[in-house]
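Guided by the hints, dock chain S onto chain B, whose structure is given.
There are 2 protein chains.
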Amino acid sequence: MTAYKTYDAVKRIAVLGCGTIGAGWAAYFLARGYDVAAWDPAAGWQDRLRAFIDNARPQLQAVGTATGREGKLETLDTPEAAVSGADFVQENATERAGIKADLYRRIDGALGGDAILATSTSGLILSDLVEGVASAPRFVVGHPFNPPHLIPLVEIVSSKVTDPAAAEWAYGFYAHIGKHPIVVKKEVPGHLANRLQAALWREAFNAVIDDLASVEDINAAISQGPGLRYALMGPHMIFNLTGGKGGIRASLEQFGPAMESWWTTMQATPSFDDNLKSKLIAGIEEEMGNRTIEDLENERDTRLILLLKMLRETKGA
Amino acid sequence: MTAYKTYDAVKRIAVLGCGTIGAGWAAYFLARGYDVAAWDPAAGWQDRLRAFIDNARPQLQAVGTATGREGKLETLDTPEAAVSGADFVQENATERAGIKADLYRRIDGALGGDAILATSTSGLILSDLVEGVASAPRFVVGHPFNPPHLIPLVEIVSSKVTDPAAAEWAYGFYAHIGKHPIVVKKEVPGHLANRLQAALWREAFNAVIDDLASVEDINAAISQGPGLRYALMGPHMIFNLTGGKGGIRASLEQFGPAMESWWTTMQATPSFDDNLKSKLIAGIEEEMGNRTIEDLENERDTRLILLLKMLRETKGA
Numbered sequence: 001m002t003a004y005k006t007y008d009a010v011k012r013i014a015v016l017g018c019g020t021i022g023a024g025w026a027a028y029f030l031a032r033g034y035d036v037a038a039w040d041p042a043a044g045w046q047d048r049l050r051a052f053i054d055n056a057r058p059q060l061q062a063v064g065t066a067t068g069r070e071g072k073l074e075t076l077d078t079p080e081a082a083v084s085g086a087d088f089v090q091e092n093a094t095e096r097a098g099i100k101a102d103l104y105r106r107i108d109g110a111l112g113g114d115a116i117l118a119t120s121t122s123g124l125i126l127s128d129l130v131e132g133v134a135s136a137p138r139f140v141v142g143h144p145f146n147p148p149h150l151i152p153l154v155e156i157v158s159s160k161v162t163d164p165a166a167a168e169w170a171y172g173f174y175a176h177i178g179k180h181p182i183v184v185k186k187e188v189p190g191h192l193a194n195r196l197q198a199a200l201w202r203e204a205f206n207a208v209i210d211d212l213a214s215v216e217d218i219n220a221a222i223s224q225g226p227g228l229r230y231a232l233m234g235p236h237m238i239f240n241l242t243g244g245k246g247g248i249r250a251s252l253e254q255f256g257p258a259m260e261s262w263w264t265t266m267q268a269t270p271s272f273d274d275n276l277k278s279k280l281i282a283g284i285e286e287e288m289g290n291r292t293i294e295d296l297e298n299e300r301d302t303r304l305i306l307l308l309k310m311l312r313e314t315k316g317a
Numbered sequence: 318m319t320a321y322k323t324y325d326a327v328k329r330i331a332v333l334g335c336g337t338i339g340a341g342w343a344a345y346f347l348a349r350g351y352d353v354a355a356w357d358p359a360a361g362w363q364d365r366l367r368a369f370i371d372n373a374r375p376q377l378q379a380v381g382t383a384t385g386r387e388g389k390l391e392t393l394d395t396p397e398a399a400v401s402g403a404d405f406v407q408e409n410a411t412e413r414a415g416i417k418a419d420l421y422r423r424i425d426g427a428l429g430g431d432a433i434l435a436t437s438t439s440g441l442i443l444s445d446l447v448e449g450v451a452s453a454p455r456f457v458v459g460h461p462f463n464p465p466h467l468i469p470l471v472e473i474v475s476s477k478v479t480d481p482a483a484a485e486w487a488y489g490f491y492a493h494i495g496k497h498p499i500v501v502k503k504e505v506p507g508h509l510a511n512r513l514q515a516a517l518w519r520e521a522f523n524a525v526i527d528d529l530a531s532v533e534d535i536n537a538a539i540s541q542g543p544g545l546r547y548a549l550m551g552p553h554m555i556f557n558l559t560g561g562k563g564g565i566r567a568s569l570e571q572f573g574p575a576m577e578s579w580w581t582t583m584q585a586t587p588s589f590d591d592n593l594k595s596k597l598i599a600g601i602e603e604e605m606g607n608r609t610i611e612d613l614e615n616e617r618d619t620r621l622i623l624l625l626k627m628l629r630e631t632k633g634a
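Here the protein sequences come in this chain order: B and S. Just so we're aligned: the first sequence equals residues 1 to 317 in this note's numbering. Just so we're aligned: the second sequence equals residues 318 to 634 in this note's numbering.
Where hints are given, some of them may not hold.
No farther apart than 35 angstroms at their CA atoms in a straight line, the calculated lysine-lysine pairs in the DSBU-like style are these [to be verified]:
| # | chain 1 | residue 1 | chain 2 | residue 2 |
| --- | --- | --- | --- | --- |
| 1 | B | Lys179 | S | Lys562 |
| 2 | B | Lys179 | S | Lys596 |
| 3 | S | Lys562 | S | Lys389 |
| 4 | S | Lys632 | B | Lys279 |
| 5 | B | Lys245 | S | Lys328 |
Keep in mind that the hints were calculated from the coordinates and are not lab data.
Chain B with its partners taken away, still in its complex shape (with noise of 0.2 angstroms):
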C-alpha cells in the first residue's frame, strides 16, 4: 500500500478541462487557498476561466467557503505540464469514454507518484477507462454537482484497480476542504445521485407525454412541494418523518402498499422523441417568458446561496 501525502502537504492541483465543472472546481480550490495548474485544449478557455472565476470569487465569500488567502491560478499548455508537480488532479475533460482514456495514458508518466487523481466524470465506468495505465491504481471517481463551487455533494467510486486507500484519501480530502463526499460502493452507470435524478426525471418526462400537466405545474409539483423537504433531507430521512411520531416502522405501514401500488402504474420508460422534444420545449419557452438562462442560472445562485449560508447557520440547531 502506498503511502499518501497528509492534506497539509496538498499546495498544487492540476485541473483538467476548464468548462463548466473543471472551471466550477478551480474556483473552489483557489477560494481553498490551493494553488491550482489549469489545462483546457479550447482556444480562448484561459479568458473564459479568469472570468468564471471572478464571477464565483463573491460567491465563494458569501457563502462561507473562502479561506483567508486565495491560491495562486497558473494556465498550462499541456496536461502533462499541469500535472507535473500536482499534489492532486481533479480531471473534467469531455464526457467521452475515449477522449478520458487517451487523457489518461498521456498523462501517465508525468502524474507524481503519490499523487491522487479524481474523475469528474458524471456517469462513465472508471474501469472502462483506464486500460494500460500504470497509475490507475491512484485514480477515483469524485462526481461534483453543478455547479461544483457551490453544491457540497461528490460522489466517490473506485474502480476495479483503485487502491482502496486512495480512495480514502480523496473522500477524507474533499471532506476536509469542506466538501460532502458519499461513498458509492458498486460502479454503475449514472452512480447514485444521477440515478436518483433520472428516476424523478423519467416521472416527469413521462407526465409530459401523458399530458398530467403542464410543464410549468409539473415543476412547481417538484419546486413548492416535495423539493423544499429534499433541500433538508434525503429520501429515507422524509420518508421517515412521513408517518408521525412512529417514524420509519409507522411510515413502512401506512404508506409501503400504497407506493407499491403506484409503483404498478409507472413502468413506463419515455424516449425523447419529437414529440417530447417540441413539448418541453414549447413549455420551457413558456415558463422562462423573457428570462434568458442567465437571468435563471443567476436566480439559482444567489438563492442557492442564501440557502446553503441558511443550513450552514441552522446546522446542529
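Structure of chain S alone, referenced to chain B:
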C-alpha cells in the same frame, strides 16, 4: 353552471378530520383570518388540534402567512354541524375509500348549495368516492403536502362529475390565500407530485437493496446535491439549465442519450420485504443517533420556515 361565491365572501371554512393534515389546514385558514369549523371522530382531538395551532401560530407569522386578524376556531360534534354554514370545506378523513365515501354521503344534505369541498386525499381517485352524492359536482381534490401549513403546493384534480367552474373556483381560492395550486389533468393514483416522489423513492429503495451506498449516503446524495436545486426549480427547469447557455435543446442533445441508457438499467421495482425494511430501519436509526422524531421535525420546520422566507424575499430577484 352554478355561480359560486366571490372569494371575499368566504368567511367560514369547515375542516373535516383533524390529524396532521387537517390540523395543518386549520392552522393555515385561521392564520389567514378565516373562521374554522372543525370536526374529527377521534377521542381528545380538540386538545391536540389546539396544541397544533398554538405551535403553528409563530411559524405562520415567521413565514409571512399570517394576516392581521386570526379567525375563530369552533369544534363541532358532527361533520354535518361543521359543514353547515361553511363557505368552503377541506376534508382530511383517513385515507380509506370507504371512510371518505361514507363521510360524503353523510354531509351531502348539510352542505350549502354553493359551497365547494376539497379533499386532501393523497392518492385516491375522487371519482370512485362520490357515487350517490348529490353535491359531488362541487367536490374536487385539493391535495396539500406535509406540513400543509408551510408547504405551498396544492394539487387540483377533478372527478368525472366535477363542475369545471368548481375546480376553477378551488384553484383560484388556493391562489387567493397564498398557496401554489397546480392542475393535474387526469385522475391517476398518487396524482402528480406523489408519483414524482415515488419514482425517486423507488430508485432510493433499489439503492438500499443493491447495497449501492449506506442509507445515510443515499440521503446525502439528494440533500447535499440535487435536492438543493429541487427547492429552487422543478425537474424540467433544472434540465433546461443542465446544458449551459444552449438551454433545453442543448440538454436534450447532450444528456438525452445518457439518460435513456441509464433508464435501461433502472427497471427494477422494489417490494417492502423484510430485507428492505430491516436495512431501512437500521440505516435510519444509525443516522438519527440520539435525535428523536420530534427533534427532526423541529429541525425540518425551523429550516423550512427560513427557506420559505428566503424564497419569498428573493422572488423576482
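Let me make sure I understand: some of the numbered hints might not hold for this structure. Which ones are they, in numerical order? Hint 3 alone not satisfied by this model.
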